[in-house]
Amino acid sequence: MNLKVISRNVGVALLVSSLFMLLAVIVSLIDGGDSALAPLLISFTITFIVGVFPFIFTRKNANISLKDGFMIIFLSWLLSFIFGALPYALWGGPFTVINAWFESVSGFTTTGATILEDVEALPRSLLFWRASTHFIGGLGVVVFLLLIIPNTSPIRLRLTNMELSSLSRDDYRTRANRSVYIFASVFLGLAGTAFVTYLLLGMDWFDAICHAFTVCATGGFSTRNLSIGSFGSPLISIVTIVFMFLGSVHFGLIFMALVGRSLKPLNNPVLKFYTFSLAVIATITSLSLKLEGPAMSWGQAFLDGTFQVVSYASTSGLATADNATWPRLACYMLVLVSLVCGCAGSTSGGLKSDRAIVLFKAIRMQIHKTLNPSTMFEVRLGRRILHDEEIYPQVLYLALYFLLVGFSALLCILVGDPNGHAVLGSVASLSNVGPALGDIGSMGNYNAEPAVLKFIFSFDMFLGRVEIYPVFAVFAGIFNYKY
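Take 2 as the starting number for the sequence shown in my numbering and just add one per residue.
The hints are simulated quantities; they were obtained by calculation from the structure and are not laboratory data.
Only true hints are included.
Okay, derived cross-link-like pairs now, DSSO-like style, lysine-lysine, Cα gap no bigger than 27 angstroms in a straight line:
#: 1; residue 1: K5; residue 2: K68
#: 2; residue 1: K362; residue 2: K273
#: 3; residue 1: K362; residue 2: K265
Computed Cβ-Cβ distance ranges for the label pairs, DEER-style:
#: 4; residue 1: S36; residue 2: V416; range: 33 to 43 angstroms
#: 5; residue 1: F403; residue 2: K68; range: 23 to 33 angstroms
#: 6; residue 1: A325; residue 2: T371; range: 40 to 50 angstroms
#: 7; residue 1: L30; residue 2: R381; range: 53 to 63 angstroms
Backbone N, C-alpha and C fix where the C-beta goes; we use that ideal spot for every residue, glycine too.
Work out the full structure: start from the sequences and follow the hints.
Okay, structure coming up:
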């Protein structure tokens, strides 16, 4: 394992975090030096020194092994969590060490779960840092690194292949080097457009930029206790639905549609499946709200139902209503979309609609084979024929996901689950959705959970953000596991 290569590249991730800490310091100075100025300044100094340290004492080295690549990804995220927790821990208030860790992991993984009972009690500079962790995590700490490394570097190619999921590369075929720029340009374009749109709809610059960071990263950190609902604007809610949906769609398809000025790239089987599923589930949820839920108009029922379904499916976690008061059917719909979620090649978490449609097609093929053993069958995804070696990893990932949900829930119960959130918390965390139902629902928080459960849920968030395998690969390498 090449520690020099690892340390230099992990240092880049920390320098990115330190840059946004510095921006938060500037926000504090604009506000006249709020209570978070010293914590942010200290955090910036420590993170910057640690991040720049490898560049001073180690030489640049282009050689990178497979183990080095996985270790770079693992440590880039892990150290971002640790140093990202410093501003919270130093500021104090509700942020104990475990709470600061939980908030940091939730931010960088764009999960959006929070321990805060009163978000608006935080100074604006700390709220800006909180939203910035979504922006950094949405684009990806490793993607920031890839944007800096030269195109010809073998490190760049290997890290690109590790950071971007196989589903993302299969669904939109392009050179690995170009994929990074496409992802980054679409992400930044969505964030910029959301910021301008929110300004035009009446948000001040601070709320607009924080919610732009959040919505395009499909995270859930808002600057308000009532999230998007606090603005009381149906138009803002509708625009947020649009951006949450776009943030959960394959960025390659958006890029192709914009550059080619054609809707043809959107004629994609996964996108059609995802859109149709959202439409059906949003309709069922809205009807349940109107017919079984608290008294509201048809328009409000469809707006709230659609908003929450898109929010959970995109793993955004923003809210316009408190689902703790919702009827059972509507809540079941939210749990359902929390499992499948958005598309590969987006900032969405979860199992991905791509894997769901592959699973359905594989099951259908197996049924046909059982009924007609002598007949040849193919699994098609659009024009592409999927072979067994392409189907098997996706089905295996689905099985691994549900095993981890079960293991995480069981572990929560064994160590103590006084609030009964073991299963729902595990699903919401591993899928990077954030809010679940009840006390940890759309308007709730995780503050009442025991410290050990917060740690388990935060580890689930990490696994979900990197899609499980990189973490397992690192542990296998550490313990020299061989098949």
